[in-house]
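A.B. asks: Chain order of the listed sequences is A, B and C. Counting in the numbering used here, the first sequence runs from 16 upward without gaps. Counting in the numbering used here, the second sequence runs from -17 upward without gaps. Counting in the numbering used here, the third sequence runs from 11 upward without gaps.
Since the hints were derived computationally from the structure, they do not count as laboratory data. Treat the hints with caution; some may be incorrect.
Derived pair list, reagent style SDA-like, types lysine to any residue, alpha-carbon separation capped at 20 Å [said to hold, decoys possible]:
1. B:K488 x A:G115
2. B:K323 x A:R148
3. B:K52 x B:L124
4. B:K488 x A:R107
5. C:K37 x B:L357
6. B:K488 x A:V145
7. C:K37 x A:G115
8. B:K619 x B:D635
9. B:K619 x B:E359
10. C:K37 x C:A183
11. B:K488 x A:E58
12. C:K37 x B:V363
13. B:K488 x A:T127
14. B:K488 x A:Q51
15. C:K37 x B:K619
16. B:K488 x B:I465
17. C:K37 x B:R455
18. C:K37 x B:K52
19. B:K488 x B:A538
20. B:K323 x A:A59
21. C:K37 x A:T127
22. C:K37 x B:A538
23. B:K488 x A:R148
24. B:K488 x A:A62
25. B:K103 x B:P24
26. B:K488 x B:V500
Coverage of chain A stretches by chain C, computed from C-beta distances (three or more under 8 Å per stretch; other residues unrestricted) [to be verified]:
27. 86 to 95
28. 124 to 132
As the structure is a prediction and not an experimental result, all values here were calculated from the model. By construction, the Cβ of each residue, glycine as well, lies at the ideal position given by its N, Cα and C atoms.
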Amino acid sequence: MMRLILAALALFAAPIVSQSVYAQQAMPPAPYAYVQLEDPALEAEAAALMETLRCLKCQSQSINDSDAPMAGDMRHQVRSRILAGESPAQIRSWLVERYGDYVSYEPEVSSTTWPLFAIPLLLLCVVGLVLLRRLGKRRSDGPVSGEAS
Amino acid sequence: MIAELGLAALWLSTALAVLQMVSGAMGMRDGANSPFAIYARPAAVVQAFLAVLAFFLLLYAFAVTDLSIKLVATNSHSAKPLIYKLTGTWGNHEGSMLLWVGVLALSGGLLAGMERRLPEKTMSATLAVQGFVALGFYAFLLLSSNPFERLPIPAVEGGGLNPLLQDIGLAIHPPTLYIGYVGLSVAFSLAMGALITRQVTPDFAKVLRPWVLGAWVFLTFGITAGSYWAYYELGWGGWWFWDPVENASLMPWLAATALLHSVSVLAARDALRTWTIMLGVLAFSMSMLGTFLVRSGVLTSVHAFAVDPERGSFILALLGLYIGGALVIFALRAGSISEGKRFTVTSREGALVFNNVMLSAILAIVLLGTLYPLLTEAFDVRVSVGPPYFNPAGAIFAIPMFVVMAIGPLLRWKDDKPARIQFELALLASVVIAVIALVAIFGDYSILAVLGLALSIALAIAALLPLRGRNIRRVPVATWGMICAHFGIAVALFGMASESAFTSEKLAAVAPGDTVEVAGWNIQMESVDPVAGPNWTAIEARILAARGDEEPTILAPQSRNFWSPPQPTSESALITRWDGQLYVVIGDQAGTDANGNNRWQLRVWWKPFVTFIWYGGLLVAFGGILSIAGRVRVDLKRRKAVEMGKERREDMDALAEGDAIDGKGGTGGNTSAAEPEPAE
Amino acid sequence: MRPIYLIPLALFLFFAGVAGYQLTQPKMQTIPSQMIEEPLPEFSLAPALENMPGASRSDFIGGEPRLLNIWASWCLPCIAEAPHLERLKEEGVEIIGIAVRDRPEAVADFLNRYGNPYTRVGADDISALMLEIGASGVPETYVIDAQGNIRYQHIGDVRANTVPLLLEQLENAR
């Protein structure tokens, strides 16, 4: 996809990054980076959370879609914390405390993100108004106004 | 020599774009009286030839790996397979921009060469706008992104192409998408031409429609191909990420989809005039906006990205000129164009208006979510907007849209009584309720997935309902196009909902001989061996996959390491069945097991009906093709009929000299044919 | 002209304004930690190589402010920053290193080759400390005061002109 092309362009700009990614693979990944939790319910919880956490080293990918070592380490954190009984919301806020809203793909209403929620509501009102104006008039098949120039 | 020829062709095209613009402007002012107006059409046609020639010259330079050209030296490599040398032409900024410009000139040339139905003044204005747009992009290409730049000393070897791009997907996806993006420039120019000369008429809509449909077909196909490419190439089974760059391709599609429906209303019923013009401007604006977002780097992520701020400013200036200019003209002129004929809520137009508004709202949501991080970064705050935002926020508008989409085609134009289609309504409602109940009984799935499943099945039925009670053989081709496209949407929606609800995932570290199980599949790792390709080395797993007791299928996923540039990639292995796909990826080595055997990361997914997403996309695109074919056929018939009528009239004129037979129909083009529009 | 037709133009101008402003601004490529002015979280990391101690939170308590340097032998910018860390050490700054996803042999080899400015090197094999303090890449350098609070974050390699900046921040953290 186009994002692949972008990733490509990014790579030429940052050969250092790509090489270091390569070299890091010498280390074995964190225990839960590529291993699912035994309990399917807990794993489903973890997977749902991981899909909404941003891989900090990648180009618009969740940590659930990335081979970056840091994404693997974040998966390990999520899974081991879920296993230790933390709730997904707790883990998300733990990460947001450290990285800000950037780490979470699921914006929550805050002083910096409220327009993301206000504008769709506004849009809903506008859409309602437009539809009411265009379609609300019952049987208003009035005179056809011609081309006014 | 090749590079110089290409550059010369580009400069000549630029000069011709100026000629086209000036000549078109003259024609717009003075009509056919201006002796200068006749140059616009030939200028556009020759320009198309030259720009396409320039592109083919660059293609040739890549094919022979001419390392004296900077672009080739930085982006190609002599050891690459030929096909990837060729596709590498547009796997970089300058080359893809040349492709963009080539397509822009080609669509301008086609428009100038083929379109004879519009009033001459409107046509001149359209060509002037098209020339003006082309001029800006030539300037961008030549002044800040010259693809033919020479190196002072030829390079010894090229830098290579990103391995992710060394795939057949690059051959298909960008060119089709670009044809779609840039094809919309014709819609833009036509809309501006009609707006400037105040000719927003059903005839204009009929001229506009094939261009919109054509661009839309390419966009649909390009997005579908790109989604599948990302799906199998990135190695994690995702098919849509709501990434800014993906959104940049979705937004023009949404605008074009709205446009092609409103164009139909304008053509058939002479309503929605300003709305259609607005969408015409919006669709190409979204294409240009996407180009800006992708190339200026304002929205790219943590990756260091060699962004030339000059390029970003250049495109932003072009955006200001074209979008800003168009919107100023729109603001000045729109008031003088009346909204056209009226209709009621319960009519075909009513449903189309509803869905137009919904599509625009979805477009607004995508636009907001994509641009929002840009806004907050102005205040030094970084936020991420991703699927958990886009999915529900989009669904608020998409769900009512799908409901109305099911019903709309059943309604009559102008005014209809809901009671007439109560059987269909009851049928669809019961399907939705039944599916929701059924899925809810079987498991606990997300609301959106369940609604998606229910709506997709209802939509699939609804798409076929317009055929009820009609003689199948007499259904117009264009109507088949609509049925096919709507059915395709249902199929794609079903695939998306099913994938998100029912996917099974298994991650495991396995040694040769081990077996993992996922969703009824037994997957046995037989061996892992090193293999080598022309510009990569890899480890390849030999895996036997079997569902139930069937004969196992051999899969060979690879984990590749390319050496120029050095980068690892995952080559997934897929088994496609009618009811889904098995997706297998081999990762890194993961220590050893108890017996000292090496273990490897294995990722396996069973994705029920995931292929329906892309089958659906192809159906939608095919529906568009059918629709174009149908329109063209009707149009040709009509032209022939008009011509024959004309001949007959001339004969009669010759017979009855002087007798006044005022030609109500012989005046020009197809304006006379009062045949009702095929239903859409 | 009806004002409603000006809305698209107004929205576009707003976008163009923001985009134009952003083009003039240096692009935000880093993700700043939100842990500045927060206490360093509790942690204890095993030694990254045989002949040096590991690192834990208590190593930062008492005495002078210290630097916490996140690095790795596989990271190329870390080679570039090595001489500047050496200079900081010469200025009398205690630097505690955290080696990320690294092997002891590679760590030892790196320190032999490019110098060892550290008093302790902890091994963070699974980015646990990185995630705790909101670090998103390698290398990063943090100023930690004697009470164990994170006072300053420097993202990327330490360069010649970063040295005085870090010294100043260390002074502020006293």
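A.B. asks: State for each hint whether it applies.
C.D. replies: Cross-check of the supplied hints:
1. B:K488 x A:G115: With Cα atoms ~31 Å apart, K488 (chain B) and G115 (chain A) exceed 20 Å; violated.
2. B:K323 x A:R148: 14 Å, holds
3. B:K52 x B:L124: 15 Å, holds
4. B:K488 x A:R107: Violated: K488 (chain B) and R107 (chain A) sit about 24 Å apart, past 20 Å.
5. C:K37 x B:L357: Distance of about 13 Å is within 20 Å: holds.
6. B:K488 x A:V145: Cα-Cα ~48 Å, so violated.
7. C:K37 x A:G115: 18 Å, holds
8. B:K619 x B:D635: 24 Å, violated
9. B:K619 x B:E359: Not satisfied, since the Cα-Cα distance of roughly 57 Å exceeds 20 Å.
10. C:K37 x C:A183: 29 Å, violated
11. B:K488 x A:E58: Holds. K488 (chain B) to E58 (chain A) sits at ~10 Å (cutoff 20 Å).
12. C:K37 x B:V363: 12 Å, holds
13. B:K488 x A:T127: Not satisfied, since the Cα-Cα distance of roughly 38 Å exceeds 20 Å.
14. B:K488 x A:Q51: 7 Å, holds
15. C:K37 x B:K619: At roughly 58 Å apart (the allowed maximum being 20 Å), K619 (chain B) and K37 (chain C) break the hint.
16. B:K488 x B:I465: 39 Å, violated
17. C:K37 x B:R455: Not satisfied, since the Cα-Cα distance of roughly 60 Å exceeds 20 Å.
18. C:K37 x B:K52: 27 Å, violated
19. B:K488 x B:A538: Distance of about 17 Å is within 20 Å: holds.
20. B:K323 x A:A59: 54 Å, violated
21. C:K37 x A:T127: With Cα atoms ~19 Å apart, K37 (chain C) and T127 (chain A) stay inside 20 Å; holds.
22. C:K37 x B:A538: 42 Å, violated
23. B:K488 x A:R148: This hinted pair is violated, its Cα atoms lying about 53 Å apart.
24. B:K488 x A:A62: Distance ~11 Å between K488 (chain B) and A62 (chain A) Cα, so the pair holds.
25. B:K103 x B:P24: The given pair, whose Cα atoms are some 16 Å apart, holds under the 20 Å limit.
26. B:K488 x B:V500: Distance ~6 Å between K488 (chain B) and V500 (chain B) Cα, so the pair holds.
27. 86 to 95: holds (count 4)
28. 124 to 132: It is violated: at least three residues are needed, and the region 124 to 132 of chain A offers just 0 whose Cβ sits closer than 8 Å to chain C.
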